[in-house]
Amino acid sequence: ETGVTQSPTHLIKTRGQQVTLRCSSQSGHNTVSWYQQALGQGPQFIFQYYREEENGRGNFPPRFSGLQFPNYSSELNVNALELDDSALYLCASSSDGGYNEQFFGPGTRLTVL
Amino acid sequence: GESVGLHLPTLSVQEGDNSIINCAYSNSASDYFIWYKQESGKGPQFIIDIRSNMDKRQGQRVTVLLNKTVKHLSLQIAATQPGDSAVYFCAEKGGGKLIFGQGTELSVKP
Numbered sequence: 005e006t007g008v009t010q011s012p013t014h015l016i017k018t019r020g021q022q023v024t025l026r027c028s029s030q031s032g033h034n035t036v037s038w039y040q041q042a043l044g045q046g047p048q049f050i051f052q053y054y055r056e057e058e059n060g061r062g063n064f065p066p067r068f069s070g071l072q073f074p075n076y077s078s079e080l081n082v083n084a085l086e087l088d089d090s091a092l093y094l095c096a097s098s099s100d101g102g103y104n105e106q107f108f109g110p111g112t113r114l115t116v117l
Numbered sequence: 081g082e083s084v085g086l087h088l089p090t091l092s093v094q095e096g097d098n099s100i101i102n103c104a105y106s107n108s109a110s111d112y113f114i115w116y117k118q119e120s121g122k123g124p125q126f127i128i129d130i131r132s133n134m135d136k137r138q139g140q141r142v143t144v145l146l147n148k149t150v151k152h153l154s155l156q157i158a159a160t161q162p163g164d165s166a167v168y169f170c171a172e173k174g175g176g177k178l179i180f181g182q183g184t185e186l187s188v189k190p
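Same order as they appear, the protein sequences are chains B and V. Position 85, counted from 1, in the first sequence is what the working numbering calls 89; the numbers after and before it change by one each time, with no gaps. Position 50, counted from 1, in the second sequence is what the working numbering calls 130; the numbers after and before it change by one each time, with no gaps.
No wet-lab data here; the hints were simulated from the structure. From a predicted model like this one, the values you see are computed outputs, not experimental measurements. Any given hint could turn out to be false.
[Said to hold, decoys possible] Straight-line C-alpha distance at most 20 Å; calculated EDC-like pairs for lysine to aspartate or glutamate:
#: 1; chain 1: V; residue 1: 151; chain 2: V; residue 2: 119
#: 2; chain 1: V; residue 1: 148; chain 2: V; residue 2: 111
#: 3; chain 1: V; residue 1: 148; chain 2: V; residue 2: 164
#: 4; chain 1: V; residue 1: 189; chain 2: V; residue 2: 95
#: 5; chain 1: V; residue 1: 122; chain 2: B; residue 2: 58
#: 6; chain 1: V; residue 1: 173; chain 2: B; residue 2: 58
#: 7; chain 1: V; residue 1: 122; chain 2: B; residue 2: 86
#: 8; chain 1: B; residue 1: 17; chain 2: B; residue 2: 105
#: 9; chain 1: V; residue 1: 173; chain 2: V; residue 2: 95
#: 10; chain 1: V; residue 1: 151; chain 2: V; residue 2: 164
#: 11; chain 1: V; residue 1: 173; chain 2: B; residue 2: 100
#: 12; chain 1: V; residue 1: 173; chain 2: B; residue 2: 105
#: 13; chain 1: V; residue 1: 189; chain 2: V; residue 2: 119
#: 14; chain 1: B; residue 1: 17; chain 2: B; residue 2: 100
#: 15; chain 1: V; residue 1: 122; chain 2: V; residue 2: 185
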C-alpha cells in the first residue's frame with residue numbers, strides 16, 4: 005500500500021451535475037497530482053498542486069478545478085459533468101513538485117449517465 | 081506534441097517464460113522514463129526507472145532497456161509469474177508530471 009487514500013471509491017452522477025473527489029497524500033509529501041484514466045487508456049495529467057498552489061496543468065477545460073489544503077490533502081472538482089468524464093480518477097502523492105517518485109492512490113471510479 | 085505509445089495492447093506468456101513489453105516515445109528531449117504496473121482496481125505501481133544517460137537498468141527480475149537512437153524502451157520480466165498479470169505502462173517524466181502511454185495487458189498462463 006502507498007499510504008495514499010482516495011474517496012469515494014465509486015460515484016455515479018448525471019450529466020450537468022458537479023462532483024468533488026478527495027485525496028489524502030502520504031505523510032511528508034507536499035505535492036498532489038491528479039490524473040484521469042479512461043477505460044483502456046493510460047492516465048492523463050490533469051493538474052498538480054504543490055504547497056497549496058497549482059503547479060502545472062494538462063489539457064483539461066476550466067470546469068476541472070482543484071484545491072490543496074494546509075495538510076496537503078487535495079480535492080478535484082468537476083463542474084457541468086459530461087458523459088466523457090466517466091473515468092478512473094487517480095491522485096499521486098510526492099514531494100518537491102513531483103520530481104521525486106509519485107505514489108498513486110487506488111482511484112475513484114466516476115460514472116456519468 | 082508529446083506522446084508515449086506502446087506497440088502491442090496485449091501479451092500472453094506461459095508461466096516461467098520471459099516477457100518483453102515495448103514502448104516508443106516521441107520527445108527526443110525526454111530524459112527520464114518509468115515503468116508502472118497496474119493491477120485491476122488499483123493505481124499504477126512503480127516498477128523501475130531509467131535516465132537517458134543509461135542504456136540498461138536491472139531490478140529484481142526486471143530489466144529496462146533504453147534505445148535513444150530509435151526512441152524506444154522495453155521492459156523485460158524474467159521467469160514471469162501469475163502475479164505479474166497486469167497492465168504495464170511506460171511513462172515519461174517531464175516538469176514534474178507523468179506522460180503515460182496506452183498500456184500493455186500482460187496475461188500469464190499457468
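The hints, checked one at a time:
1. At roughly 27 Å between alpha-carbon atoms, residue 151(V) and residue 119(V) are farther apart than 20 Å, so this suggested pair is violated.
2. Pair hint residue 148(V) plus residue 111(V) holds up; C-alpha atoms about 10 Å apart against a cutoff of 20 Å.
3. Straight-line distance between C-alpha atoms of residue 148(V) and residue 164(V) comes to about 27 Å, which puts the hinted pair past the 20 Å bound.
4. With a C-alpha separation of about 6 Å, the suggested pair residue 189(V) and residue 95(V) falls inside the 20 Å cut-off, and the hint holds.
5. At most 20 Å may separate the alpha-carbon atoms for a hinted pair to count; residue 122(V) and residue 58(B) exceed this at roughly 26 Å.
6. Note on residue 173(V) and residue 58(B): the hinted pairing holds, with a Cα-Cα distance of about 18 Å set against a maximum of 20 Å.
7. For the hint pairing residue 122(V) with residue 86(B), the CA-to-CA distance comes to about 24 Å; that exceeds 20 Å, so the pair is violated.
8. Simply put, residue 17(B) and residue 105(B) have alpha-carbon atoms about 33 Å apart, too far for the 20 Å limit, and the pair is violated.
9. In summary, the hint linking residue 173(V) to residue 95(V) is not supported, as the alpha carbons are separated by about 32 Å, beyond the 20 Å threshold.
10. A hinted pair counts as satisfied when its Cα atoms are at most 20 Å apart, and residue 151(V) with residue 164(V) does not qualify at roughly 26 Å.
11. Restraint check for residue 173(V) and residue 100(B): the C-alpha separation of about 14 Å stays at or below 20 Å, so the hint holds.
12. In summary, the hint linking residue 173(V) to residue 105(B) is supported, as the alpha carbons are separated by about 10 Å, within the 20 Å threshold.
13. Between residue 189(V) and residue 119(V), the direct Cα distance comes to roughly 16 Å. Compliance with the 20 Å bound is thereby established for this hinted pair.
14. In summary, the hint linking residue 17(B) to residue 100(B) is not supported, as the alpha carbons are separated by about 34 Å, beyond the 20 Å threshold.
15. A hinted pair counts as satisfied when its Cα atoms are at most 20 Å apart, and residue 122(V) with residue 185(V) qualifies at roughly 14 Å.
When each numbered hint is compared with the structure, violations occur for hints 1, 3, 5, 7, 8, 9, 10 and 14.
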